[in-house]
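Go by the hints and put chain B onto chain A.
There are 2 protein chains.
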Amino acid sequence: MKIAVIGLGLIGGSICKALKLSTSHTVLGFDTNADTLIKAKDQVAIDGAIDLADLKEADLVFVCLHPEATIDFVTSHIKKFKKGSIICDVSGVKSRPVAILDQLLRDEGINYLGTHPMAGREFSGFDFSDAGIFNGASFIITPTELTSLETLDTVRNLANQMGFGKIVLTTADQHDKNIAFTSQLAHLVSNAYVKSPSLKNEQGFSAGSFQDLTRVARLNEDLWTSLFIMNKESLLFELNGILNNLNDYKRALENEDVETMKKLLAEGRKLKEEADCL
Amino acid sequence: MKIAVIGLGLIGGSICKALKLSTSHTVLGFDTNADTLIKAKDQVAIDGAIDLADLKEADLVFVCLHPEATIDFVTSHIKKFKKGSIICDVSGVKSRPVAILDQLLRDEGINYLGTHPMAGREFSGFDFSDAGIFNGASFIITPTELTSLETLDTVRNLANQMGFGKIVLTTADQHDKNIAFTSQLAHLVSNAYVKSPSLKNEQGFSAGSFQDLTRVARLNEDLWTSLFIMNKESLLFELNGILNNLNDYKRALENEDVETMKKLLAEGRKLKEEADCL
Numbered sequence: 001m002k003i004a005v006i007g008l009g010l011i012g013g014s015i016c017k018a019l020k021l022s023t024s025h026t027v028l029g030f031d032t033n034a035d036t037l038i039k040a041k042d043q044v045a046i047d048g049a050i051d052l053a054d055l056k057e058a059d060l061v062f063v064c065l066h067p068e069a070t071i072d073f074v075t076s077h078i079k080k081f082k083k084g085s086i087i088c089d090v091s092g093v094k095s096r097p098v099a100i101l102d103q104l105l106r107d108e109g110i111n112y113l114g115t116h117p118m119a120g121r122e123f124s125g126f127d128f129s130d131a132g133i134f135n136g137a138s139f140i141i142t143p144t145e146l147t148s149l150e151t152l153d154t155v156r157n158l159a160n161q162m163g164f165g166k167i168v169l170t171t172a173d174q175h176d177k178n179i180a181f182t183s184q185l186a187h188l189v190s191n192a193y194v195k196s197p198s199l200k201n202e203q204g205f206s207a208g209s210f211q212d213l214t215r216v217a218r219l220n221e222d223l224w225t226s227l228f229i230m231n232k233e234s235l236l237f238e239l240n241g242i243l244n245n246l247n248d249y250k251r252a253l254e255n256e257d258v259e260t261m262k263k264l265l266a267e268g269r270k271l272k273e274e275a276d277c278l
Numbered sequence: 001m002k003i004a005v006i007g008l009g010l011i012g013g014s015i016c017k018a019l020k021l022s023t024s025h026t027v028l029g030f031d032t033n034a035d036t037l038i039k040a041k042d043q044v045a046i047d048g049a050i051d052l053a054d055l056k057e058a059d060l061v062f063v064c065l066h067p068e069a070t071i072d073f074v075t076s077h078i079k080k081f082k083k084g085s086i087i088c089d090v091s092g093v094k095s096r097p098v099a100i101l102d103q104l105l106r107d108e109g110i111n112y113l114g115t116h117p118m119a120g121r122e123f124s125g126f127d128f129s130d131a132g133i134f135n136g137a138s139f140i141i142t143p144t145e146l147t148s149l150e151t152l153d154t155v156r157n158l159a160n161q162m163g164f165g166k167i168v169l170t171t172a173d174q175h176d177k178n179i180a181f182t183s184q185l186a187h188l189v190s191n192a193y194v195k196s197p198s199l200k201n202e203q204g205f206s207a208g209s210f211q212d213l214t215r216v217a218r219l220n221e222d223l224w225t226s227l228f229i230m231n232k233e234s235l236l237f238e239l240n241g242i243l244n245n246l247n248d249y250k251r252a253l254e255n256e257d258v259e260t261m262k263k264l265l266a267e268g269r270k271l272k273e274e275a276d277c278l
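Heads up: the sequence lines are chains A and B, in that order.
The numbering used here applies: residue 1 is where the first sequence begins, and numbers increase by one.
The numbering used here applies: residue 1 is where the second sequence begins, and numbers increase by one.
Rather than coming from a laboratory, the hints here were simulated on the basis of the structure.
Hints may be right or wrong, so weigh each one.
[Stated by the list, open to error] In silico PhoX-like cross-links for lysine-lysine, where the CA-CA straight-line distance does not exceed 20 angstroms: (1) Lys250/B with Lys195/A; (2) Lys250/B with Lys232/A; (3) Lys39/B with Lys20/B; (4) Lys195/B with Lys250/A; (5) Lys263/A with Lys39/B; (6) Lys270/A with Lys200/B; (7) Lys56/A with Lys83/A; (8) Lys83/B with Lys2/B.
Bound-form chain A, shown alone:
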């Protein structure tokens, strides 16, 4: 199979590397940065570059651009894809790409499947791409009633070969609700955390908890703004939730209410213990 990967950033580059490492498919890359393409070829992350005029050669296309750019790319090049081929996006939000692309591509006789390889790092770009980031990670797939079983099987097999530890099937809406909590809120809180004037005195006073809370503060603001705004309702729900919870602790602290504070902390501890046991 000929697989085209559009956008050789952290995820696109890692997909190329994982495919070359673990499959015998031909991997063709597209990137607007010529140096990145040369680097990818040199590192045998791709077999070669692909011109957009030649997209018809590809049996499967992974579009690995930021969410808005992904939708733009697919809609503006829709006539260039091969009939019967499979187009996958890898956006961290799924409702909007699925709502726009699923029917549009079906009408052109092209298969679409929304995916979210749940891997990332606090650094962006091809230079940080690595086949290993998928090892054991979740590969989330959001099929619809338009998705053929063959498409599903093809993509699922690729994900297994690329080393993902778990293939999770869900709806785009459920994906976005879940991800607002498990990933988007984490990035938002971490990014907010470092904005204390006390940050300048952190040296020598920070142990594991500080490092853990602030690791993902280092994010790509263009990508994450796009992800947050596209998932506004679900993220606001989670954000309001943690604001309410933090205000409960605040009141207990202001009132020096030992029993309430213990109760609030015990609730969180128990929920975490239960979640860890699942």
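Relative to chain A, chain B alone:
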């Protein structure tokens, strides 16, 4: 030197083990739980148990109880300590123990030094104690004008021998301000984070960011309630700070204000990058 360790929990137990591992001092343990004492003796974490009536034998005493219990212990047994000996507490807040114990012990001809071994785990008790948790960690010391150089040197040497990576000298007040940000707020936010109804759907959707944000949600509510209430003002300052910051993101999200969201996220990213470079 004969060193007594009062309270063989996670920190007390680890201090015993680190002292036995790296020094030739005699280590004597006290714990209200007889089984813990037997276990500590069996594991050669202590040379033996010490009765409170024999506290006069100890040249140095580490009091490793919860903060309130530490103050209670020292004040109620103050006549039992050896004149000229050194008493160290290991509480995670320092202003209150220092304010109460420093002058009190000096009046009895006893040296006091507040310390905070900045190591911990999300589990409590002797069973989780381990000399290794101090490796590379900060050992914070809060001397006052009453602290003799000899006391400072003795404790500093012990910390070095126990494997701490950094000895940090500061005032009790500055310690409490810094620790509110680098540790207490982290535990509070992490504990609040898990309280979303979405927690039940976390499986398959959580990657590193979720695990990092929620690791320390698993805390000992009795200990942390005591630490939080004792450091009320500084913790409230940090809590109000993150609440304000999160509300900035909330407004940007509600207004779908892309430019403001990017600006807010870039601010956090840059602060984190700068902090990581220090």
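Consistency of the hints with the structure:
Between Lys250/B and Lys195/A the CA atoms are separated by roughly 15 angstroms; this keeps the pair inside 20 angstroms, and the hint holds. Taking the CA atoms of Lys250/B and Lys232/A, the gap is about 10 angstroms. The hint holds against a cut of 20 angstroms. About 15 angstroms separates the Cα atoms of Lys39/B and Lys20/B, which keeps this hinted pair within 20 angstroms; it holds. The suggested pairing of Lys195/B with Lys250/A holds, with an alpha-carbon distance near 15 angstroms, which does not exceed 20 angstroms.
Proposed proximity of Lys263/A and Lys39/B is contradicted: the alpha carbons are some 31 angstroms apart, above 20 angstroms. Annotation: proposed proximity of Lys270/A to Lys200/B holds, straight-line Cα distance about 13 angstroms (limit 20 angstroms). Between Lys56/A and Lys83/A, the direct Cα distance comes to roughly 8 angstroms. Compliance with the 20 angstroms bound is thereby established for this hinted pair. For the suggested pair Lys83/B and Lys2/B, the alpha carbons sit about 14 angstroms apart, so the restraint of at most 20 angstroms is met.
The structure fails to meet hint 5 from the earlier list, while all remaining hints are met.
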